[in-house]
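A.B. asks: Here are the chains, one letter per residue:
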Amino acid sequence: MLKMIGIVLIIGSFAGIGVSQRRQFRSHVTVLGDLISVLDVIAGELSYHLTSVPELVKKLAADSRPQIALIFRTMQDSMERDDSLSLTFKWMKAFRDCGQEAGLNEEDIAILCDLSEFIGKYDLKAQQRSIDYARSRLSRQLEIASAELKSKGMVYRTCCVAAGILLVLVLL
Amino acid sequence: MQQAAQCLPAQLRTTLHGLAHSEQIQCEEIRLRAGQPLTVTLRGRERLLSGREVMQEELEETLRRATAYSVHTFADSLRQGFVTVRGGHRIGVCGQTAVQEGHLLSYRHISSLNIRIARQIKGAAADALVQQIHTGDGLRSALFLAPPGRGKTTLLRDLARRLSDSGVRTALADERAELAALYEGKPQLDVGRHTDVIDGCPKAEAAMILVKTMSPQLVVLDEITSEADAQAAQYAAHCGTAVLASAHAWNLEDFLLRPLYRGLMEAQIFSHIFCIGADRQVSLVRQ
Numbered sequence: 002m003l004k005m006i007g008i009v010l011i012i013g014s015f016a017g018i019g020v021s022q023r024r025q026f027r028s029h030v031t032v033l034g035d036l037i038s039v040l041d042v043i044a045g046e047l048s049y050h051l052t053s054v055p056e057l058v059k060k061l062a063a064d065s066r067p068q069i070a071l072i073f074r075t076m077q078d079s080m081e082r083d084d085s086l087s088l089t090f091k092w093m094k095a096f097r098d099c100g101q102e103a104g105l106n107e108e109d110i111a112i113l114c115d116l117s118e119f120i121g122k123y124d125l126k127a128q129q130r131s132i133d134y135a136r137s138r139l140s141r142q143l144e145i146a147s148a149e150l151k152s153k154g155m156v157y158r159t160c161c162v163a164a165g166i167l168l169v170l171v172l173l
Numbered sequence: 204m205q206q207a208a209q210c211l212p213a214q215l216r217t218t219l220h221g222l223a224h225s226e227q228i229q230c231e232e233i234r235l236r237a238g239q240p241l242t243v244t245l246r247g248r249e250r251l252l253s254g255r256e257v258m259q260e261e262l263e264e265t266l267r268r269a270t271a272y273s274v275h276t277f278a279d280s281l282r283q284g285f286v287t288v289r290g291g292h293r294i295g296v297c298g299q300t301a302v303q304e305g306h307l308l309s310y311r312h313i314s315s316l317n318i319r320i321a322r323q324i325k326g327a328a329a330d331a332l333v334q335q336i337h338t339g340d341g342l343r344s345a346l347f348l349a350p351p352g353r354g355k356t357t358l359l360r361d362l363a364r365r366l367s368d369s370g371v372r373t374a375l376a377d378e379r380a381e382l383a384a385l386y387e388g389k390p391q392l393d394v395g396r397h398t399d400v401i402d403g404c405p406k407a408e409a410a411m412i413l414v415k416t417m418s419p420q421l422v423v424l425d426e427i428t429s430e431a432d433a434q435a436a437q438y439a440a441h442c443g444t445a446v447l448a449s450a451h452a453w454n455l456e457d458f459l460l461r462p463l464y465r466g467l468m469e470a471q472i473f474s475h476i477f478c479i480g481a482d483r484q485v486s487l488v489r490q
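For the protein sequence lines, the chains are A and B, in the order given. Position 15 (the first sequence) corresponds to 16 in the working numbering; numbering is contiguous. Position 94 (the second sequence) corresponds to 297 in the working numbering; numbering is contiguous.
A couple of the hints might just be wrong.
Unchecked claim - Here are the computed lysine-lysine pairs in the DSS-like style, where the Cα-Cα straight-line distance is at most 25 Å:
hint, chain 1, residue 1, chain 2, residue 2
1, A, Lys-59, A, Lys-126
2, A, Lys-60, B, Lys-389
3, A, Lys-126, A, Lys-60
4, B, Lys-389, A, Lys-59
To be clear, the hints were calculated from the coordinates, so they are not data collected in a lab. Predicted model only: the values in this text are computed from it and were never measured.
Please construct the entire structure, taking both the sequences and the accompanying hints into account.
C.D. replies: Printed below as a string of structure tokens:
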């Protein structure tokens with residue numbers, strides 16, 4: 002009986018590791034998709050309402066998607082602080098501080114940080130162009146992440162379950 | 204003044220703390236010029252505040268703060284040389300410009316800023332003036348003439364408030380966001396209970412929309428400065444709406460010399476024309 006329980010626990014924990022790895026790939030894909038839709042919202046708000054950056058950030062901080070809310074709430078908090086730090090710095094800091102926790106990788110964060118050089122600083126067209134560029138770069142990241150999810154996600158799950166079985170066989 | 208000073212960087216705000224409370228209440232303007240000390244305008248006269256010179260970067264930062272780091276939101280008004288911040292305070296901008304095809308595109312470097320402090324003075328419109336406009340048999344259209352700084356906007360705002368509170372359906376075409384100073388849809392200044400406001404839109408367009416959609420009894424247009432504004436006033440008047448407006452002029456003679464206003468006078472829209480004197484006294488100059 003104890004052996005059976007041990008076998009189940011070992012295989013279960015290894016399968017769990019595999020599933021959690023796959024979940025990381027999936028969440029990366031999800032957050033990239035969410036951020037692309039955020040860029041669409043920003044572009045729409047800018048072109049239709051000429052919304053100011055603090056208002057935009059306030060709207061996004063109230064987003065129902067937790068990763069988006071996390072990043073923009075952090076940004077909103079720092080923007081509300083009356084200090085001498087620039088908007089560029091605050092935008093970048095929010096992505097650097099919360100990006101990884103939200104499921105982004107270094108490259109994604111760099112793309113979103115690059116956007117800070119344009120947001121709120123130039124006329125509408127220049128901002129729209131920078132958003133379009135960031136969008137196309139993020140879409141490429143999304144393609145890569147989706148491919149990783151398909152290939153590596155499956156491999157991780159299968160390998161981990163196989164490793165669990167192998168360990169059980171060795172221990173037996 | 205504290206609210207208007209919010210757009211200043213912290214160090215410049217500290218300089219303003221040197222003003223006595225009574226002076227802060229009376230302060231009309233805060234002026235910043237690159238390489239010069241901060242000045243404030245009290246009773247029409249500029250006063251230098253002791254302290255260091257204002258740096259050019261501080262002017263840029265002030266404008267960035269005033270525009271909430273969103274140049275695109277204020278692009279149109281910046282092209283006209285001003286931005287209006289929360290509370291209806293207007294910031295005039297000077298500096299090196301970028302011009303394209305004869306039109307101002309942007310400011311490359313800011314050289315000076317003038318923060319005009321908006322102030323609501325309830326009671327600025329005297330009872331006698333209100334009675335001249337809102338007579339027993341209806342509303343009269345009126346035009347107020349004065350050079351800048353004599354309180355045209357303050358007077359129009361108070362007239363709008365008083366007439367609105369007396370039940371007159373009032374509409375404000377608040378192009379520069381100085382009359383009502385809407386913030387997130389709510390007026391920051393009291394413009395009356397029966398008042399509808401269009402903020403930030405060119406006066407002529409706003410007046411058309413207001414007349415067509417809100418059926419006002421009174422339309423208020425602050426500072427008629429273009430042919431389109433004059434036409435909007437005529438349009439509103441021809442629709443049976445009373446018009447309260449203001450224009451830059453020293454007096455009636457000065458006003459009549461300006462070609463822009465000739466059409467307005469020929470159309471005989473305004474039954475009353477008032478001048479605001481240096482002592483802020485309002486006098487009827489034509490009926």
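A.B. asks: Against each hint, give a clear statement of whether it holds in the structure.
C.D. replies: Now for the hints, and whether the structure bears them out:
Under the criterion of a C-alpha separation no larger than 25 Å, the hint pairing A:Lys-59 with A:Lys-126 is consistent with the structure, at around 23 Å. As the CA atoms of A:Lys-60 and B:Lys-389 are separated by approximately 18 Å, the hinted pair is consistent with the 25 Å bound. With a CA separation close to 22 Å, the supplied pair A:Lys-126 and A:Lys-60 stays within the 25 Å bound. A distance of roughly 18 Å separates the Cα atoms of B:Lys-389 and A:Lys-59; the hinted pair therefore holds under the 25 Å criterion.
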